[in-house]
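*Asks:* Here's the letter readout for the chains.
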Amino acid sequence: MGGKLRRRAVITGAAGMLALPGKAPAAVGAKPLSGVTLNVSCWNAPYPQFLKKYIPEFEQETGARVVYTTPAFPIYNQRMDIALATHSDAYDVINVTFIYIGRWVGAGWMTPLDPFIANPKLTPADWNPKDFLPGIEAAFRDSKGELCAVPWIADIMMSGASRYDLIHGAGLTMPDTFDEMHKMLAAVSHKDGLPGFVVENHYGWTFLGYLQGFGANVFRAPPHDLMPVLDSPEAVQAAEFFATIMRDYGPRGALSYTYDQVTAALKAAKVIYSTENEAFVTQMAQKGAPAAPTCGFSLFPKGPAGRFPQIATHGWGIPAGSRKKDAAWQFIAWAMSEKLLLRMFREQGWSSVTRRSIIDLPEFHAKLNYNGFDVAKIYLETLNLADKGYMAYRTVPAYPQIDRQINIALQSVISGEKKAAQAMKDAQHNSLEALRRAGVKL
Amino acid sequence: MSAGAGWARAQRRAFLLGLAPALIVLAAVTVGPAAYLVATSLTPLTPVRPGSGLDFSHPLGNYIQALFQSSFPHSVLLQAELSLLTVGMQTLAGVGLALLLDVESRWMEVLRTGFLVPMVLPPIVVAIIWKVLTTPDVSPAYSLLAWFGLRPGSLVTNPVTALPLIAFADTWEWFPFTMLMVLAALQMQPREQLEAARIDGANSRQMFWHVRLPFIRPALTVAVLFRLIDSIKAFPLIYVLTDGGPGRATEVTNYYAFVQTFNFAYWGYGSAIATMMVAGVFVLSLAIGRLGFGRDEDA
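Each protein sequence line maps, in turn, to chains A and B.
Residue numbers 1 to 442, in the working numbering, belong to the letters of the first sequence in order.
Residue numbers 1 to 299, in the working numbering, belong to the letters of the second sequence in order.
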């Protein structure tokens, strides 16, 4: 009874609330979501931290109370995996993590959002769902083609240097190939006591651009042929190259660097160069960051087989077990409205946006020009590269298992415990076993 | 006679009736979940496949997979190494400090309390302390060494030192437990025994081996058993410091089960690992009891 009343109140208030998306809704009379508590969770990244600052506006205008949690990436994924698997109603809005799309969406654990988008009572006409980058949005569609999450990030991998002055001083530019990168690192590393290179220790993500750049891949022809090919000569060559630059030019304890440590080291100009997510490396250019006056950017370097910058996306979705789906959708509609994203871009510098209308703005290009480096151009060029389809390996439901095997293999090579050939052979053997166990027909 | 037997039977029945509520509660909270764990271990339960929790078609599938899969036996070997290191170091540190602190003095009381601090810290806080201490960029220990011109590598990312480091951090946290148990036993020892040994001309080493150690042996056995069981449950330090790495260098059985269960959602397989761990601990405890280390020779 009470639940029905609350639901009605939610729908009644929706029109007023959605009249001003981005600026929290101007409600007339009673607040539309009074008495509703929404449990919202995302892994800890720059965007959810930026969004946190606007949530009080949503609460004030709608009357909803938002319990907002942002645990670390692995903790978040484990927590959500269990919550979704048990159809728990503990969360109303969650981040759908890229590598879990196959599992969470494929198993029907997420609520299709198309009915909410199509409902004019819940979604204003100017919300414009077609504005989202289609290639990115496609990752969140289930087998029936229904959208199960709204992407909040199109995160691309690119190169960033905190001390471009050192690179320039050595008579070099931002490297465009693996060879140039190696030469550059040899020239500038450990000058001024600074290590040359570091990436986060999630090698199932940060190594893949190198793996594919050398002409190797995780699976033979994903998503249809999932035979792992991690022990190919190209894969071994990629592992050797990657381990060499990590070992020779990385900081002490490079293997333990998480993404927040990498971001902090880059911002503080304590490591010279990295190939990392755009959302992390562009923080070097933030006002007040020690690296801001000396940072430089470029496309992810290309290898003998070409350029394969990794592209990830994460999106807001509603768990199938949530009992407040209407209110949850209103939070997503507000968080992903063009106006709020534009405010986040203008006020917080959030630039990994998924709405084409913002990317096309002249001010987007102007603002993403740091020390003469056109990051907006890098962003768009990288997104265009994604059309080649080389990211298909990542949404395979069993990828989390393979991701761990790649992590273990790369750690073994970087730490010197194993030779690249042996480590990749072990990764291949264990991946085959993991896939068979997951019921994948090889 | 028969009246007496009838009374004894009635008494037994009364005792059983009185115990029944407690036994029922005990069964519900311990035996029930344990039975469920064993039952689950006989299925390929995973939340991704509906109905897998009721699939008993290959009841030993998880066990066969574990025993013939390279990662599980490897994790057992690592577990044995970690347990041996932690229990060994904690026993030595605990006994040594207990002997030093077995002196009647107000200052010693303060010192004893100070030694207890690591044990009362939440395990995750201990893990964070060691994370800071072992991260070269922020560690005061590394800064101090740098001041002397030394630049050692990171211990947590070196496959040779990662496991001993975990054992050392665990020892730092838990040696006070052994110390407390041994100290309590030492303080129970009649002073006449020590005096008699001294009068007989026993030196310090003889005092320890022939007078003190036999007396504290039962308490020490209990402490070792507790620490052994706890070492098999090692988790927060590995989770925060190494995540089972580098490679698989610190992926002990408990952590292996965690990864299989929570990262890959193989709940049935994780249950099989947990069942084998419980069985292992049970056999180990029984073996230690049978070896007779816990028996009080004076009794």
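These aren't lab readings, by the way, just hints derived from the structure by calculation.
One or more hints might be untrue.
DSSO-like, lysine-lysine: derived pairs with alpha carbons at most 30 angstroms apart [unchecked claim]:
#: 1; chain 1: A; residue 1: K52; chain 2: B; residue 2: K233
#: 2; chain 1: A; residue 1: K287; chain 2: A; residue 2: K53
#: 3; chain 1: B; residue 1: K131; chain 2: A; residue 2: K302
#: 4; chain 1: B; residue 1: K131; chain 2: A; residue 2: K270
*Asks:* Each hint should be assessed against the structure and marked as holding or not.
*Replies:* Verification of the supplied hints:
With a C-alpha separation of about 37 angstroms, the suggested pairing of A/K52 with B/K233 is violated against the 30 angstroms cut-off. A C-alpha spacing of about 18 angstroms is found between A/K287 and A/K53, which places the hinted pair at or below 30 angstroms, so the restraint holds. Between the alpha carbons of B/K131 and A/K302 the distance comes to roughly 35 angstroms, so the proposed pair goes past 30 angstroms and is violated. For the proposed pair B/K131 and A/K270, the alpha carbon gap of about 19 angstroms is at most 30 angstroms, so the pair holds.
When the structure is compared with the earlier hints, violations turn up for hints 1 and 3 and for no others.
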